[in-house]
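Chains A and B, in that order, are what the protein sequence lines are. Just so you know, we're using the numbering used here here: the first sequence kicks off at 1 and counts up by one. Just so you know, we're using the numbering used here here: the second sequence kicks off at 1001 and counts up by one.
Wrong hints could be hidden among the right ones.
[What the hints assert, rightly or not] Taking lysine-lysine pairs in the DSSO-like style, the calculated list, with each CA pair at most 27 Å apart, reads:
| no. | chain 1 | residue 1 | chain 2 | residue 2 |
| --- | --- | --- | --- | --- |
| 1 | B | K1115 | A | K138 |
| 2 | A | K157 | B | K1115 |
| 3 | A | K47 | A | K157 |
| 4 | A | K138 | B | K1108 |
Derived by calculation from the structure, the hints in this document are not laboratory data.
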Amino acid sequence: MPKKSRYQSWISLLIFPSLTIILALSIVAQNQAVFSNSDAVMYTYLKNACQGQAGYAYMSNCGNNISFTELEPGDILLGGYPDCAYGRFSHAGIYLGKGQVAEGYVDLGITIQTLDHYNNYSDICLLKVKAPQDVKLKAVDYVLEQEGKIFYPLAFKPGDRWWNCSKIMWKAYCEQGINLTPEADFWIAPDAFYQSPLVDIIAEEGWFK
Amino acid sequence: MVQIILRVSRLYILQLFAFLAIWLSSYYPGMEVFLSILYFLLMALEARSAQRLKKREILIIILLWQGPAAILSLMLLSGMNGGFWSLNAPFLLEFWATPLMACFSCFKGLILAGKPLYYYCIISIPVLLGIYYYLLSIPCSLKQKNLIRWPF
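Using the sequences and the hints given, assemble the complete structure.
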C-alpha cells in the first residue's frame, strides 16, 4: 500500500471519533443548565444504575385495577414496573378516546393501541392536562400525524423525526404553547409529567403511592 | 489473518463512533442525515480498500463484523422471550443501525403488516450492511467482466 493511501485511510478512520468529541463538547458547552439540574434524567439514570437498576425494568405480575372511565382525549397515562432506571414510571401514552392510546415502542414506532395493557403495570397514573379541550384535541391530532415514525430511546428534546414515548406528547403540547416539562434537560422521562404543575392527577395506583 | 483482524477492527471503530456521532448530531436536527451519508461514503472506502482480498477473506470480515448483530436479529426473529439479551435486542440493534435510522427518519412512517418499515430494516441490518460491503469490495475488473453491454 503506498504511503499516501495508508495515511489517508487513517484519516478516514478518525473522522467519526473526532466528530463525536466535537459534538459532545458543543452540546456540553450549550447546556450548562442541564448539568446543574440535579433532577436531570441522566443523573437519575446514573444514580439508579449504580444501584443495579438498568433499563425500563422487567414486567411484574402485579398489575392494577385502575378505572379509565374519567379519561378524556389528550389525557396522559403513565405506567411503570419496579426498578426502572429512569424513575417511577417507564412508559407514557396519550389517550385518543374510544379506548385507544397513542404511544411509542421500538418494534412498533409511534403506534395506536388499546388501553387494556395499562392494567399490566404495577404502577400507573392518569393525568389530566390543564388545557382547554380544543387544545388537547390539537395535541392528539399532532401525535396521530406521527404514526409509524421512528422510536429511538435516546431521542433528544430538539427535532421532530426521532421520538420516544415521552417526547412525542411533550412536543404535541409544546406545539400548542404548553411546555409540560420546562426544566433544562436533554431528555424527558415519564416522571417529568407526573411532577409537572400543568397537570392534575386523575387517579394513581402502585407500590410507590 | 492480520489483514482480517485489522479490517474488522477498523469497521468496529467506524460503526461504534458513527453511532455516537450520529446520535449526538441528532441534537442539531438535520445534521444526522449528512453524517449518515458520510458513514456510507467511509464504509464504501473501507470496502474498496479490501478489493485485493480473496472472496473468502471478505466473507470472514463481514461475518466477524456483523456476527453479533446477526445473532441479535436471529434472537428477535426466533421470538425468544426473557433474559437481558432478548429483551434488549431491539434497542441494541437500533443503536447498531443508527446511521440507517437517520436516513429513514426523513421519510413518512410507513407501516407494513402492523410494523413500521424501519423495524424490518433494524432486523435485517446485518444482511444489508454485509451486502453493501461485499458488493463494493468486488474488484472493478470483475464487475466490468459481468456487465451487460448494449448490443450496439
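Subject >> Indices of hints not satisfied (ascending) >> reply: Checked against the structure, no hint fails, so every one of them is satisfied.
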